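Could you put together the complete structure from these sequences and hints?
Number of protein chains: 6
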Amino acid sequence: MNERTGETATGASLTPIEYADASPEVRAIYDDIMASRNTDWINNFWKYLAQDPHNLRRIWSDLKEVMGAGTLDPLTKELIYVAVSITNGCRYCIASHGASARAKGMTAEQHGELLAIVGLANQTNRLAVALDVPVDDRFR
Amino acid sequence: MNERTGETATGASLTPIEYADASPEVRAIYDDIMASRNTDWINNFWKYLAQDPHNLRRIWSDLKEVMGAGTLDPLTKELIYVAVSITNGCRYCIASHGASARAKGMTAEQHGELLAIVGLANQTNRLAVALDVPVDDRFR
Amino acid sequence: MNERTGETATGASLTPIEYADASPEVRAIYDDIMASRNTDWINNFWKYLAQDPHNLRRIWSDLKEVMGAGTLDPLTKELIYVAVSITNGCRYCIASHGASARAKGMTAEQHGELLAIVGLANQTNRLAVALDVPVDDRFR
Amino acid sequence: MNERTGETATGASLTPIEYADASPEVRAIYDDIMASRNTDWINNFWKYLAQDPHNLRRIWSDLKEVMGAGTLDPLTKELIYVAVSITNGCRYCIASHGASARAKGMTAEQHGELLAIVGLANQTNRLAVALDVPVDDRFR
Amino acid sequence: MNERTGETATGASLTPIEYADASPEVRAIYDDIMASRNTDWINNFWKYLAQDPHNLRRIWSDLKEVMGAGTLDPLTKELIYVAVSITNGCRYCIASHGASARAKGMTAEQHGELLAIVGLANQTNRLAVALDVPVDDRFR
Amino acid sequence: MNERTGETATGASLTPIEYADASPEVRAIYDDIMASRNTDWINNFWKYLAQDPHNLRRIWSDLKEVMGAGTLDPLTKELIYVAVSITNGCRYCIASHGASARAKGMTAEQHGELLAIVGLANQTNRLAVALDVPVDDRFR
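So the protein sequences, as listed, match chains A, B, C, D, E and F. Residues in the first sequence are numbered consecutively from 0, following numbering that gives the first Met the number 0. Residues in the second sequence are numbered consecutively from 0, following numbering that gives the first Met the number 0. Residues in the third sequence are numbered consecutively from 0, following numbering that gives the first Met the number 0. Residues in the fourth sequence are numbered consecutively from 0, following numbering that gives the first Met the number 0. Residues in the fifth sequence are numbered consecutively from 0, following numbering that gives the first Met the number 0. Residues in the sixth sequence are numbered consecutively from 0, following numbering that gives the first Met the number 0.
Honestly, the hints are just simulated from the structure, not real lab data. Be aware that a few hints might be false.
Pairs of lysine to any residue residues, derived as SDA-like cross-links and limited to a Cα-Cα distance of at most 20 Å, are as follows [what the hints assert, rightly or not]:
{"hint": "1", "chain 1": "E", "residue 1": "K63", "chain 2": "A", "residue 2": "S60"}
{"hint": "2", "chain 1": "B", "residue 1": "K63", "chain 2": "D", "residue 2": "W59"}
{"hint": "3", "chain 1": "F", "residue 1": "K63", "chain 2": "E", "residue 2": "E108"}
Since we're looking at a predicted model, the values are computed, not measured.
Okay, here's the thing in structure tokens:
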């Protein structure tokens, strides 16, 4: 096994790429992540994604743009991200975006309200489908 | 077939309960929905759900509480609802809650940003799971 | 286009295989479906699946075994099938298995209770994941 | 960190609320759960949900109503709950509702049949969607 | 309503952006799509996405990169795309990527095999989760 | 507890069936799995599924047929399986089918491209649904 990348004989890399082991291209992206977030560390998602530098570059570029300045405020954007992550059951994403939401000001009450909405929406989504409810003309 | 409820010989009701045909209990709930929303009509979801008055009562009670006053503002609550509905692919819900969001002030730019976040989150959720990324200690 | 199978120049068949147009192998399976169900018609799912006779044979064999006699009664089996179909949002399946459930005795009240459980389970499933609830020792 | 609630500086509570630490309101709900189930302990789901007492109250009220007496027998209701939980991949829910189903009489054979139906339904749900099967007139 | 964009008083644009009505920026992206695909038309997905030019630009850029030349051949890439679309139940995507796969050489037999795998995987995915199967050491 | 099957007083078997403890019927299936794969061990999925020998027999028969020789090559079949497993978030399946794909020749680059497609498809699937994009006539 290649000690640096964890690449097995079958060709797949299953380990995170640490800053110290990263290529110049990957390091540049790590630097941009840290600069954008004003932090001094890289969370695991990026280090695992970096196994394929094309994916790392593209996804970071997308996230920076989508979660950057816009008409929706940063906390709202993060709440939406958490809501989707809960619905999809991504444990890592719930933890990382939950931490991000708290860092952006989410209080315990807001978290409780978010859970309430996500839970209820997952319920009514199924009921509407089960009952094959036709879309009201007024909603078109 | 029972004309009022649409109940077939097999016992299932597959039609909406119109106000004019509703029992006093169901009408009371319809009245509360209209009063709470300051409208004069009932959207299809409730009319189909009303086939089982217990479900209608319970779900309306839940929705009124969850989407009512809280620490999250009404538009943010609606955006979260739309985000979940898109993720679950509920066409009716996307239409009804989308209309609700627009009524609460969602602009075209905000809608575009919402779509961007929901799309990206659905992508990164799968990537995190695919790479079996361990939760960072800092997020616990 | 091949009139019998609907096969286009690109090689994909996108139309149902009617009994009159079916190969002897497919007809034999259609006959078994009708004999098992004591009906004289084939619902659309099988006619579309028949585009690939291997799939038709294998899936019908599986369904006959799984939905056949067992320790769970036929209606309970159908209720479970509907519950999964609602959760997955398969409109065709909700309709066909709903009809099957009604044919096996599902009443309007039972249908309402089924919806209530499916809706609530979809809600609590998300809440448990969102809160990263650890499995109680007593449940292992 | 607030020792009793686990609330961090960012405002989110990520720990379970034990009976001994619960407010009178939460304790009353815990008491009702134990009385309804004739047990002397609270499973983790409720203790984590209790971080937001509104959610605890509402969800327990819903569950008590939905899983209470009805036209579907208790075991059938639990089997439906397990089926949805498996489809959604909620590990906690599969464990807790599986334990509940066993307590209500689910045998090993019934469990195997349940798995068979859930697996097959998840398969045919996708096939019906992939083939864009139109709903038969007879099912409407 | 703004005739060109379909923008309603509430601010949301719900109609496709036709080439003739597109801004120079959007037209440039449409031109690139047609040039890349060697076609003379734009499918609906892009015309609806174009309501938010940022999303159109970013998603087209991603798709061009991801579905472009690589170590996986074009047909395999399309089959994977269809498999995911079926699993998520996106009717539009199944149709558009199915057409794309057929254009890249997918035969009727390959389509049948694809359906077989997608169906079976959706089944075994649930069974593995239901049985809480631990990952074998050999797979790590 | 029955030592051989792990069956608890409540009737559910929650442990894997080891070769040494297996009935002749189950052993025969284990032998066939090992012969088909040219291996000398059984992975956990089959050992847990074996709690219900009917399920083990049926699912192994299906998998052998579906993943056997066809017009799609073995690696492509495995890539599709992984893509679905990622989309459904089945951790066990991602690990086992990922190992299978590597054994069939998947390189690190191909793995990266697979992730890219699965991620992007999960994104565009939601966007198409959110925008309620109508299927183009040319795709029918």
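Each hint, compared with the structure:
Annotation: proposed proximity of E:K63 to A:S60 holds, straight-line Cα distance about 15 Å (limit 20 Å). With a C-alpha separation of about 17 Å, the suggested pairing of B:K63 with D:W59 holds against the 20 Å cut-off. Taken as a hint, the F:K63 and E:E108 pair is honoured in the structure, with Cα atoms around 17 Å apart against an allowance of 20 Å.
The structure fails none of the hints (numbered hints given earlier).
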